[in-house]
Amino acid sequence: MKRRSFIKSVPIALGGLTIQAYANNSLLSSLSNSLTDTDRILIIIQLGGGNDGLNTLIPLDQYSALSLPSVRQNILIPENKVLKLAGTNGATGLHPSMNRIFDLYNDGKLAIIQGVGSPKFSYSHFRATDIWMTGSDPDEIINSGWAGRYLANEFPNYPVGFPNASNPDPLAIRMGGNIVLGLQNQGVPMGIAVSTANDPLNLNGTLFTDPPTNDYMGKEVAYVRELQRQTDKFGDAVKGAADKGANLSSLYPKLPADPGYLMGQQLATVAKLISGGIKTRIFWLTTSGFDTHSGQVVTNDHTIGTHANLLKGVSDAIGAFMDDAKLLGFEDRVAGMTFSEFGRRIISNASGGTDHGAAQPVFIFGSKVIPGIVGNNPTIDPNSNTNSNLPMQYDLRSVYASILADWFCVEQPALDQILFKNFQKLPILDPANCISTYVHEENKKAGESIIMAYPNPCVNSTKIKFETKGGFTLVQLINNEGTVIQDIVSKVMQAGIFEVDCDMQILPAGLYYVRIQNGPLQQVKSVLKLRE
Amino acid sequence: MGELTLEIAINTRVSIPKWIYFNLTEYEPSVRILFFHILWLTRSSGTFLLLKNKIDSRQQHNILWHLNNITIVRFKIIGIFLLLNIFQMGSLKFYSGSFGKPELLHLLRRTLFGVKKSDLLFFEGKSLNEVIDYLIDGPVALPPPPLRTYYNNVNPALDTMDKVNINGNVQTIVNFGETWVDKPIQTNFLAGSSNARRQNLKNWWIGLQVNQDRQVYEKLIMFYQTLLVTEDAVLESPHMMYTTQSLYRKYAFGNYKELIKAISLDAGMLKYLNGEKNTKTAPDENYGRELQELFCVGKGPDSAYTENDVQEAARVLTGWYVIYKEKINSVDTFIVPKSAFNQGNHDTGIKQFSAFYGNKKIEPNLSIVDPSPFSDLNTKIAYDELEQMIDMIFETQEVSKYICRRLWNYFVYYDINATIEAEIIEPLSEIFRQNVDHPDQMKIVLKALFSSDLFFQNIHRACMIKSPDDFVVGMIRQLDFPLPGASQLEAQYYMWGVMRTHMFNEGQDINNPPNVAGWPAYYQTPSYHELWMDTSNYPIRIGTYEAFTKSNFVLDKNNTYDGANNPSYGFITKMNFVEFVKTFDNPADPNDLIEEATTLILAVPLSQGVKDALKTNYLLLGQLSDYYWTDVWTTYSTDQNTTDPSAKKVPIMLQDLFNYLMSSAEYHLS
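Quick mapping for you: the protein sequence lines, in order, are chains X and W.
Residue numbering for the first sequence follows this note's numbering, beginning at 1 and increasing consecutively.
Residue numbering for the second sequence follows this note's numbering, beginning at 1 and increasing consecutively.
Excised from the complex, chain W in its bound form (with noise of 0.2 Å):
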């Protein structure tokens, strides 16, 4: 194509507006070489370039081969208005569709708890690259931690949870508001309150995906509980729990082999998986078994990992267990569990991999003589084995196969047939293992898989049956529905409760998987989602939308803590389907309304038809004018102590309206 002249820029972030797509597979040869030798010499500046181009083959081979170590880049093309962005190596196949509202609106149902009008707005005009940008950014800091709301009496002065009785004195050691997530309970405690934290660390964490920013983050963190399992009901420890979730947050966006390595010796883990009870004469596979098969390998067609390397990874584990207590002033004292290691319990022998690990041989690595970050030698050579094993596993492409297809069935859906396994699990792979030391691998593969073709190809838009907790969550998003501020922080952890009463009922006990192999939609074939939703419990989400769509929530402000003192206290909330109307475009037009609501309510789009035939029934009364709606709305919305008897009914039958669209099979549908 002989010479050209481009001025190019590489934008290291996200400030340029209005990027666009350009798929680079769709160019002729000599174009993609082009731009990938501008790639080439700009990707480690952030400066402008200006270049005159001619390359040959031998050129071109050096390009790709690095091209093989670069996976995102962003630069523009001025000189001839075209502003590039994303683009990756691999065979993965990017969107490069129009991005309009059913396509926002398809990314932010999977990626976020329902969808509200705001998050909308938000995003509404900006591109598929601004919006990706927007969802996937971190690292996120940990959220602030969960605060004491549970007590046995409302009365302060009688209420015993948290307080100890020393020589007469009674002290507090968490005060209501304060977090305890670093006061462990003691034998001392005048009342035991390992339940109740339990509980409102459920609490806490629903609340977080109810308040959650416009991000992945709080889907992606459900998404690690489903895969690295620990078990509430198991472990009766809400320390633990605490602590393996801060774990999911902090490598959320990051690095899965080093969240593996940590999640290794997570307290919690070495206790629900037995690693605190395996040592070199009692070894215990358990903790080896699950690393392989449901944590990192998998069972996939490739998998061939054996018996012998569950035993060999059990034998590398050894030695690590759990602190519970230590000695505080000479005073037995519960701690925040954590891990520790015992060298005596420890298997220093050879560890022989099978050929799936490449006959790998694991052993002590005696040359090693620093042992930061632990204070002994011993434990940093045990910790080097187990790291060695852990990147061992780590090259086999089967982890990167394995988290792809868990990831495309959490997000996306279950079916893994031929065409995703080739076009999507293969290509995205790569990209996990191109950034398999990377700090930002996971963001890198989740942005790579929101930007895929098949993501946003029709056949995968709304045909995700939501989990409870998308359900329930997802519908207090969408319907801004109004709950307590962080003024009322009893109110607030007390309906966060009642949204986990309807999910546990539903069939999803958040913190509280019912095996190590997580919830079975997510692994059980070849029915997965379909299993969130059966006889027993779909009339359980009937009950749910019922109540958040008709009743009153009351908290009596006398049955709060301290509340009798508190003029603040308590809180009576419902469902305000008027004031929710008002915020759409243009709720006097039936058409209008119908049309933003069925849209923002449904997933699945539906057709005219049926769409005139909810104007009718439910905003026309079974009329056949406009007009209908549009008189009795306004004359409601200007004034709702109107006494027309007509304009009266607006709440019940915008209620009727949103109730039924919530009773439709579409309605579990994201």
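For reference, chain X alone in the conformation it holds in the complex (with noise of 0.2 Å):
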């Protein structure tokens, strides 16, 4: 692989042990109390099933191929009802039932990027997913997320030694499903997963868990869950922010059957925990349906039915989140993106759908956002078959690389460690006000560090140091892909602190992760092997 010639050259040290000169008390203060205030938010929006962006973000010059019999026409919105944007000359709309994100793009709250995927697309709505998750190359297969694998640089002793004082929350949260792949790094998951505010870990939730029965079994099941609440460490942080929060939208979907209902519901959950102070960096929150293979439209009114749906939902949501965030005073802290895992094919199916595709617009919201359209409309075919796909304008991984660089302020090298090449930076989020440096060395001391390698980066071997708590210990080297290479320590020990020697002479180099697990604990250290 190409990354392996760039980790090469990668300078310095990962991981917490670079020492930093900055030990003046005043700025510490200083530094800390205006963390709140520059504390930025991303919120991830993951459209599950492929959305068919042709029919989201419209390319109304295109109209001569695209209502060809042979190309869209059966599922085509008309014209004259597409929500043309602004400063594209009427060659770009939005489809009508967005009506509320075409607000926010009128409101200079809306980037929009258009074609945007990987370098070789998946049809597999798994695979797919997974790129989109890791940013992995297409043909790679990584065991970390994008989001996992920054916050793991910005936190490297993440989950041990927290919460702490300066970290009571969690880095992120998962709305209402399990912990995504985009979150983890090595099998540690950065983030926990929340099912709504008044209920913050599913106490009484229905969707993995069914209420307690009244019943001895009932009576055991939720003794079990307090005791998971309590020694959630995080707990008692969310249900604290869901309590102190408030939501003052009149905007989110009211009804159960309303487009967007659950999604406004979980942005809701997200809003009020923002304003009731918590400090977490990303929240995912995931709708899926968009899989629209057959009746995407109605027949006789292209502008309503599933697809229309499914839009407004999202659209509808995401209104009613940016309204509440601004009544509620943080919305310049947050910002939002929206991905699917594929587009949809350019021309349509018999059925009155579309099939797995390749490029998708990404929408980005937030009032910090340097709103516009990134590129350019695609060029149609009018010969279109059921080959042709949009072609990608923009890696996904230079998304990745904007919101990491200009929203959470990542510098380098630690960027490029997270994806692992360097990437075309897109003009879309305001870089301005980007924490100091200092901030990101005090992240990465925070917790308790119970393994680290050094010399790191490292040629031929390197000492594993770690601390047990007694007890069964496994200490393992895993490559990037997540296969574990080698256990170097697996038995039971007393607690102390130990070092082991870890010999790396005939491993490829590149980017290792250390892991410790020791009862509950366990620990993940990434370790740079540099070619000699």
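Bear in mind the hints are in silico, worked out from the structure with no lab data behind them.
Treat the hints with care, since some could be wrong.
Unchecked claim - Under 8 Å between C-beta atoms, here's a sample of chain X residues computed to sit facing chain W:
no., residue
1, I141
2, Y223
3, V224
4, D291
5, G471
Note that the Cβ used here is the ideal one computed from N, Cα and C, for glycine as well.
Put the two chains together into one complex; each comes in its own frame, and the hints tell you how they fit.
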């Protein structure tokens, strides 16, 4: 892989080993006081199933081709119903059900990136989802998510020693589901899963757990769940933020049958937690149903139907959330992005739907976006056939690079380490007021380090220093694909700090991880092996 | 009901299939009388009988009287296609509902450490009675003893454990792989192996649990340790711990009173509760008290033994002590500790017990002339006093109630309310008392317990918080976790040791209950079983299932005894969920897979909504169509080296699914 040559040029250490000479106490206090105000939050909205981008962000200048019966006449939105975007000379517009997103655009709170994808597409939901989750090369299997790697880079000791005084809250929250691969780092979930604000840990939830029954079994289920809540170190913090927070917007979809109701409820929970002071950086939400192989529009009115409802749901929920953010006063601290695992094919199929495709538009919302459209309308070939796809204009990792650099203020070389390569940044977010390097350094020290490798980077061998609390202790060397290369320690041990040699001579240069598991504790740190 | 002609047979063993339940209390009196009559006439017969029957009320009385002495009878009536199995006198209501998969699983979860798919297959289709007859069958022969797998150097030449140096000749007393139980540790051993043996014994026990037969036997052995406690950390004697456990095993399905008599003279117990120091000039009440309070009578509402009874019991027990050494070839040599009697330390006076014990007087019976099985007549007379006392204790109803309450608590649930007291404890204790001298007493009681109606009622299902032992061993068994076989002896003990460490960290150090009352989960009101779990050890349980579902377990051959010279030594294992799921009925169908996985792994039933959510999230990865899973599973299970990126995810998808199931609150319930 080309990534290897990049890695060779990385000059300095990873993971909490660099000592910075900031010792000025007043600087320290002023920085930590201002942390809350400058803390930035990212909302990731995953549209499961593969969204039909061509009916979402519509290239009106391509209608002569699009309206052909052999292209997508049977699902095309009538030109006069499309919400035309200012500054495009009427060439580009939004699906008519996306009026709230349209409002955001007109308010200067929306950036749209055309043609985002991977250099090589996969039509498989799973593989394509993984590529988006991990930011891997198309042919590469990676066992960590891009957001998970970012958080691990910022907080290398997590989860050991967390929560702590300066980091009382979860780093990331997945709303209503389990921790997605995007938030994982080599088997360590970098966040927690939460269902609703009133019941943050889903004690009475219905998604993955049934409510306790009114008998002995229910009594004991409730007992263990309460124990889980108490044990979950973040449970009280999340509940506390939910109790303190509020919602002020009246725009959230109101009825369970309304499009976007569930996403709206989840985003309302996010807004409530943020207004309640939670310092979580990433919220991940998923809505599904975009796999519209058939009947995506109503035959005699293409502006309504399944796909229209899906888009309306997302649009209404995001619109309500941004309204709430403004009313609650944290508008400047949030940015959001939407993505789907792929777009859909240019030509529609005979059953009034579309099949798995390639590139798609990505929406970035927030008051600090650089508004407008990045990229051009695609050119639709009138002779498009079933194999025709929208080409990639921007690598999805360019979107990630832009968010990490300009929103989370990740500096080099960390940025390239997180994404494995240097990707072009896009002008979508305002990089002004980035937090100081000093804050990054503090974050790296947060928590408790129970494993580290030194020297790091290394050439042929390194030493692994680890701390066990006693009992069965497992120390592993893992490669970037998540395969265990060696169990360096696997035995019952007395509590203490130990050091073992780790021979890496025969391994190819690249990024590795050392992982310790000791009772409930696990920690993963990266080790970089350089070429000789 | 006039005259009836019936052909009946008494089945004395298990072998006739398709027994069905027949609850006599549901039949009109005349039919019941008929059955009683048949029973009476045939209770000691194993032959077919042809009966013509008409009963008057006097006969009826006789029959009932006889039935009080009969607890379990099986017979079938061919003529009217009725097959009868167990029925019992007293008011114990037997379960007569349907015996389907949920009932079978409930029964197996409470009687075995976890339920394997193969256990389920073995029992499915059998009747409740057939299953119970299989689960509760004994006596069981003592298992092979623990084997030496400890050492202080992997090089046999440098290892000094269990070796002695006699005039420059180094001899090995216990070779690697041989048992140490008959080779007491001597002062001239080159290295102390007491601690190693103690751990070895615990690991051995866990091995027996992991490799248990489809019997309640191993859970029952643990029951006895929760009740008749000695502590490894106090005794520091692997030999004593082994001997005591051998008593649990010998009497497991047998007679509880006999077990109490034996354990009263058990070397470990004599040391643990100071019996060895109990003399007529310095009586020690410790054992006399616990014998009544913890082992027999308990502290139930009707328990009324007095402080004086404790003192009198101690007097009866004076003189018994433990021999640790004997002269062998005129050399003081440690032996496996055994009990002995010293007449000089025995109080031969009259011991006067309270009204609770019927004002019983116990004194030496000087008319005894035959010393057997002892060699000395005084010992026999003292033992007779002990027997008189234990017989006296067992004449109270309280013993039967206390033991039945403990059984219910251990096997079913801890809330013993008025209903349980009336409908289970009373009738079950009646059965206990009716069989107080029966050699299969515990077997009879357990069979009744596990066929009772209340045991199977919904309210008693999936409500028991697993002990750490059940949590860890049950997990290993239900997952069929790949463990080393007998040919890899050290690796076997190593893995059992890993399991022991997990249980220990979760709050259960087997062979080492925290005090003489045992683990609080079985006696401490009001929380009982909930005490097994708290915020400090809950994360340990997480660590346990995380480790056993995700980690490699490695034993480097070079770190095993003589491993450098033995190519088969060493070990590496890891849970393989693909192979595990292949044993399922229909793993390619995500609905069937979720159904089977949740049914096997969780005792608590899940709603369809939750099952669907699990399917969508873990097997369809958020997609809508079931064929997504079918495709990837088919691809991967056909070729595990597939390059299809989606199919390659199958192992991790399954790992995530099972990991999630184990992360649920429900997973901690049995």
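Outcome of the hint check:
no., hint, in the structure
1, I141, "7 Å, holds"
2, Y223, "5 Å, holds"
3, V224, "4 Å, holds"
4, D291, "6 Å, holds"
5, G471, "5 Å, holds"
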